Amino acid sequence: MSAPAADLRSLRLEIEEFNAEYAAVLDAGRVADWPAFFSEDAVYRITGRENWDAKLPVGLVYCEGIGMLRDRALAIAKTTMFAPRYLLHQISNTRVLSVDPASVVSAEANYALFETLVDERTTLQQVGRYHDRFIREDGRLRLKERHCVYDSLIIDTALIYPV
Amino acid sequence: MPDSARTETPAASPALRWPSDGLSKIPDWVYTSPEIYEREVERIFHGRTWNFVALEAEIPEPGCFKRSFVGATPVIVARDLKGAVHVFENRCAHRGAELCRPALGKATELVCPYHQWTYDLAGNLTAVPFRRGIKNEGGMPKEFRLEDHGLLKLNVTTRHGVVFASFARDMESFEDYIGPDVLKDFDVVFPGRPLKILGYYRNTVPANWKMYHENLKDPYHATLLHAFLVCFGLMVAGNRSAMIVDASGRHGTLASARPKEGPKVDADSKAQMRAFSDALKLEDRRFLEFVREFDSEWSVTMQTIWPNLIVQRELNTLGVRQIVPRGPNEYLMNWIMFGYEGDSDEMTRHRLRQGNLMGPSGFLGIEDNEAMRFVQQGMLKSESDGSVIMLGGAEEGTSYKMITEAGIRSLYRHYRVVLGL
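Chain order of the listed sequences is Y and F. If you're matching positions, the first sequence starts at -15 in my numbering and goes up one per residue. If you're matching positions, the second sequence starts at 126 in my numbering and goes up one per residue.
Treat each hint with caution, since some may be false.
[What the hints assert, rightly or not] Computed list of lysine-lysine pairs in DSSO-like fashion (alpha-carbon distance at most 27 Å, straight line): (1) Y:K128 with Y:K39; (2) F:K309 with F:K526; (3) F:K526 with Y:K39; (4) F:K231 with F:K207; (5) F:K385 with F:K406; (6) F:K526 with F:K150; (7) Y:K62 with F:K406; (8) Y:K39 with F:K321; (9) F:K406 with Y:K128; (10) F:K385 with F:K207; (11) F:K150 with F:K506; (12) F:K231 with F:K278.
By construction, these hints were calculated from the structure, which means they are not laboratory data. Only a predicted model underlies this, so the values are computations on that prediction, with no experimental measurement involved.
Using the sequences and the hints given, assemble the complete structure.
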């Protein structure tokens, strides 16, 4: 941990704000706006904790570069067939782990993702943890890496939108 | 076929009588009846079938074990200290506890946590605590023999690193079981090259387990449900394709070939498929690349190995899927994604990138799972009964047409004999 405590606290607040905006975009179903939270060379992955712990590289969603994030957003919005639903994220327990000499910020946060299908009760689609690396571009934080690592190893039918 | 010999069937209860339309109509109760499900467990999963349980690459060393399933029955797949692979029930001989809990592990013996009955990696009982009691009071009777109380052992076979198990003692070889036409494409994915495990997905679907087989014996749905394939030219109705069916009707390979010049959509296909739009383009074209690494005329083969295995070769993304039924109305799907030992880092990442097509968040996988959920809901809640399986007329067996349901009819010809329907 290189930065003073006060700096880390303000970074944590900044990441909490970032995550609140990130969740707001996804919860509103604005999937086309989701790639803007990432840097050009970003890696985005959703994977089970069994894979993360065993260092297995697979992702339910595995994107290298912002082009692949945009392609996923396009496919979900324009080509994919699925029943309509609402999603709601709750993100908490944000921790700043380190800031490296190149100002890359490593951080974690827990998430819970609730899903509500028309005609059905709300379910807990998954709980997990974001393992993040942020960089700063034009004064704003952007995700260079986000690994969404879920504890809920058995997915109920399908996980459609990004986490 | 050996299954055909099973004719000791009691008459089906009146509600379970197959309709007179033969194979052109499948009654809903095949997918929803608890009585049918029980008969499937007895005659299919616990009957004369080879069930996928593991890849050898998951248990590479002596002492490695994996928790798996045959039908819904929990089993342990273990490699003993000499290297031989065994499969036995995950049920302590003493009180029935499911003794092995981790998905994968390594040990020199297996110990039930309840009373510490101890088994070797072949499922033999090796120790019972306080067998002679305390100070010769209590304990097991003198005639109790450890060798009479091992775990129930299954018949095991392997083919090029893929492990299968059967409750039947006198199974034919795996090669005879799946037949040469389906074995050919199985061996393309599993030529004996060591596999490199890339990871796991798991999901449930609230639908009958057979629906998953039928979906992959149904080339008709591919370009209609999966707009992604059409929009981005991965597969179109005009591509050369085949639905290969083995002689028994139960196994199959849904295959298609990408034209040498790469993906493209002709005007005729565009007109037929509502999904097609010239305006949609992928930004990252790496996703569509096909590295021609296989000795095969097909760029995609999806194999249904009855009763519980799917072998996926979709361009360069490879995986197996194990179907675990959970009653008539739900199944669990365990996916193992893999490449080959010796793949370059870039090849591994190519497989992972292309993996976005499949799985419970895959561009195709989402749609298959949603469609099957819709079908089960429709069947459970409606007054109408029966599916219409008439595409391609009465044709059965291997077909080179896209618009046919011959593979589904072939499966049900076999199924009706096994279940006595």
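Hints and how they fare:
Proximity of Y:K128 to Y:K39 is assessed by CA-CA distance (about 19 Å); at most 27 Å being required, the pair is judged to hold. Distance restraint check for F:K309 and F:K526: the Cα-Cα separation of roughly 20 Å lies within the 27 Å cut-off, and the hinted pair is therefore satisfied. A distance of roughly 43 Å separates the Cα atoms of F:K526 and Y:K39; the hinted pair therefore is violated under the 27 Å criterion. Only pairs whose Cα atoms come within 27 Å are accepted, and F:K231 paired with F:K207 is accepted, the gap being roughly 14 Å.
Our distance criterion of 27 Å between C-alpha atoms is met by F:K385 and F:K406, whose separation comes to about 21 Å. A C-alpha spacing of about 21 Å is found between F:K526 and F:K150, which places the hinted pair at or below 27 Å, so the restraint holds. Annotation: proposed proximity of Y:K62 to F:K406 holds, straight-line Cα distance about 11 Å (limit 27 Å). Straight-line distance between C-alpha atoms of Y:K39 and F:K321 comes to about 13 Å, which keeps the hinted pair within the 27 Å bound.
Annotation: proposed proximity of F:K406 to Y:K128 holds, straight-line Cα distance about 24 Å (limit 27 Å). With a C-alpha separation of about 47 Å, the suggested pairing of F:K385 with F:K207 is violated against the 27 Å cut-off. Restraint check: the Cα-Cα separation between F:K150 and F:K506 comes to about 19 Å, which is no more than 27 Å; the hinted pair holds. Restraint check for F:K231 and F:K278: the C-alpha separation of about 19 Å stays at or below 27 Å, so the hint holds.
The structure is inconsistent with the numbered hints 3, 10, although it conforms to all the rest.
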